[in-house]
Amino acid sequence: METSLHFPGHTVWSLVVVSLLTVAGVAVFWWRLRPGRGRRWVAGLRLAALGGVLLGYLQPAVRVEEVLRARSPVLVLVDESASMEARSPDGRRRSERVAEFFRQNSGWFDDLEQRHDVRWFACSDHARPVDRGALLVPLSSRGAATDLETCLGDAISTSRDVAGVVIVTDGADPSGTEPEREERAATVRPAVPLWVLLVSGPEEPFSDIAVAVVGGGEFTLSRNLAEVRARIEGAGVGSRTVTATLSLDGEVVDTKEVVLPPHDGAVEVPLFFLPRDPGRHVIKVAVPALDGEASDANNQADVAITVARDRLRVLHVAGHPSWDERFLRETLRRRHGVEMVSFHTLRDPDMAADLPDEDGTLLIPFPAEEVFVRSVESFDLIVLQDYELPEADRERFAGSLERYVRAGGGLLFFGGSFTLGVQGPWPGHLAAILPVLEPRGPRRGMMEGRFGAVVPVRARAHPVFARRDGPRSLVERIQAAPPFPAIVALDGVARGAEVLVEAVGQEEVPGEVAGDEGRWPLVVVSGHGKGVVGLVATDTLWRWAFDVGTARVYDDLVGGLVAFVTKEPEAALVRARVERDRVAPGQVFGVEALSGEGGADVTARVEREVRPGVFETTGIEGNARTDEGGRAMFRFVADAIGVHRVVVTARVQGEERTGSDVFVVAPDPAEVLQVRATGRTAQALARRYGGEVHPLSDPALDRFQPRGESAVRTGARAEFPIWDHPSVLLLILTALGLEWYLERRLGPA
Amino acid sequence: MTRAAPGSRPSTEGWSRRSFLRFLASVMAAPTAFAFRGRGAFASDFNRFRVAQVTTGGLPPARPDAALVLAQEVRARTAVQVRLDRVVVPLGSRAIFESPFLLWVGERALPPLNDREVANLQSFLSAGGFLVVDNAGEGGGFSAFDRGLRTQLKRAFPGRTLQPVPADHVLMRTFYRVTSVAGRHATYPELEALDLEDRLALVYSRNDLTGAWSRDGFGNWEFEAVPGGPSQRESAIRLGINLVMYALLLDYKDEQAHIEYLLKKRRLRPEDLPDRPR
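Those sequence lines, one after another, are chains A and B. Residue 597 in this note's numbering is what sits at position 597 of the first sequence, and the numbering runs on without skipping anything. So this note's numbering is basically just the index in the second sequence, starting at one, shifted up by 749.
Bear in mind the hints are in silico, worked out from the structure with no lab data behind them. We put the beta carbon where it would ideally sit given N, CA and C, even for glycine. Please note that the accuracy of each hint is not assured.
[To be verified] To spell it out: a stretch of chain A is covered by chain B in this simulated footprint if at least three of its residues, at any positions, have a beta carbon under 8 Å from a beta carbon of chain B; those stretches are:
(1) 313–326
(2) 332–342
(3) 535–545
Produce the entire structure from the sequences given, and follow the hints as far as they go.
Below, the structure is given as structure tokens:
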């Protein structure tokens, strides 16, 4: 509790003026005072009355208040940006040197904590409070980039009467230009002692090669060659040749030899890749790390790109014109955004010699080499309908198709007269990708009869059947569709293949023994490498298409197959979408899960790439329930730098289904490119705030003099006036009365 | 009507010995195929192309052999897998949905279609079927069928009328480059058609196209093609084949014209792809 005299309603200046006038008046009065003892009494009484009047004018009061005298805050900010991962010439990381500094100077900081309220912050693009103990070990890098101005503003906003600031940084601050920093500094300028300690300085030897993706990849279309421009900066490494490697989803897709300039500088190099699948993918540009490099974290740059499919590029090759071909082609063409290239064998090659007039036809040779080899990668989907590859170079074309599928292509086979061993040998050259097995024994070719379509229970939640027609699922509609009259005899499906639709004989097929439980595979899918292959073992499904009542069933089944085989993102039953493709370490990010079913339990877990294409869980995961729209949201904090994947799992129609999305946890490219400690930002800070910059190796901490304690009023304030008591008035009246009486007795003073 | 003289030497215009043997073999093939029914090792019969002739009002089919001859020619000249059988289906029957290609030949006044026939016609064409209508009538019969057809089509497809098929339509070059639409005679210079969803669903010939295709029981051409003779008949057969190919391929030929452009415009350089020699 503290008391003090207080003059309410008066400023310091008014008190000074009153005081000066009073002193001047008393002096004049005393100078003009006539000698004599009695007159001194009169003068004394007058002065007493004047004092009373002054008391009334100044209205003094005694103020009583609770005041807390606290230790003033001192802020300690420690850089935790990505550049702190760079190594000093002695091989230690900057963050390690900082931790060692705090351990070595713990005594000084103990003393500081005795005298001040020391508040500790880790700092990158923003400041976050940390415990002092956290600074005794190297901090993991966080944040998008170093921004000391913003950090300082954040830290100062948490305290009043800041007594001093200590900043420990490497001096690499790529945030904005000098004028921008000046502008921001105006808003956070603290009038306090500022002590900047530089972990590293421009005088230190420095060698580093850094990579950043500076262009390309923004508008990437599937099945179109895409270009990425990488900037490779060399510092202190001299002129040398390095190999720049471009990877897509962990697979190397392009390499270039790059010659770095003899002096420090940068080279831009274009790299190319062919994105095959729509959706989000990660590209990585990397150069090998050299011995003694300041940072090997910046020898690679990960960028998440979104590949759009502007149109579905379909190659449709049919063995002969037929109704099955006609209706399939029409269905494919009706799909939105399909660019179709069709080839049909309109006439058998051996027919030409038989015909008298060859000139009247408008036939063109089938460019097998062009479509099966040279341009094969430009197609999202290849449909081989009752088609056998050309006899000449058959193995080479089959090999090209196998590579196409393995690399991510979609392939659909439709059975018929000319393939799958119906009229010729089994296409063994396609054995690697066919999802079905060659029939053994005499059961070959086409079986005719009445076949109903049945979807096995285990396949009913397959994405192919996702399309609905009002309340009726596609599975229900397929099973209610009219029977079809023929199927291709098969001996089962290949390992890993999935039977989506089975044909069930509705009457005995002459000469045939039914397959397992009288069912034959009708629609089969399987994966091969990164691609998907589908097979329809009949050429009579057009019966559904050529019927107003079931045309939609045919469209939806073919549409579902095409979407699945071409991996359309929207076709997945469960989807995950990370709201941003790039997240800074420590930043919060959202994940949207879409399952299509309301009230479904959804699990999301975050995985990190540990080797190219290999992900391991980070332990970050969450559970939620989908809303009525089948949507659930998650929020996670980005962990370590690197390529990450969110895997969402939900049960759809009783089956567990997953979806995933990739994203990159990384600081801003400028942060990893500019790891060289120039100290310019630190110098500029000190200059603007009147502080000092010292190397961490010689911090001159003893000269750091923060302000003293701060007083903070914590309790209620009470004031007791001392001028308005009746005795003051009585005193004035008594003095004036006596002065009047004595003056009449003694004469004027 | 001009018929080939009975007992005259079989006409050989467009009908070589080899073609005749092919025809014979194809006729033989149909029952042979059925003999293997259920044992596999043959193509799906259901997916084979066949020409079904449609009748209305209980009338007997006109030009009853024309459909089979057209099927034979398609089989002989193209890669289309053809089922050679004589199929006559009433328009009011569900059987018309077994074959999306129908041939309707009229030569006399057309009795009004009943409701079932109208509904079937609507469904057949809307679902993707293709109907070739040939007016084989002479004089009053021609006019009566023509009037009746147009009236019934107005009933089935209100607001739509038959429109001339342009000479540069893909139908005229879908297999052969055809410049004439003549049949047994060459009175009208153009075909007419009903367009549904950007495809010709019904094509109407007024030149007795089926008359130019018809053979008698001995394999002779049944009618003379006037005035062009054998070349006019060959042109009529080619038009028939184009009609079949159009039904099966629609605007495939138009698409072919763009393929080279489509492939060239793609940004794909083999040397920049993996697994390619650099």
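- Task: Please name the hints from earlier in the document that this structure breaks, with their numbers sorted from lowest to highest.
- Result: Hints that this structure does not satisfy do not exist here, as all of them hold.
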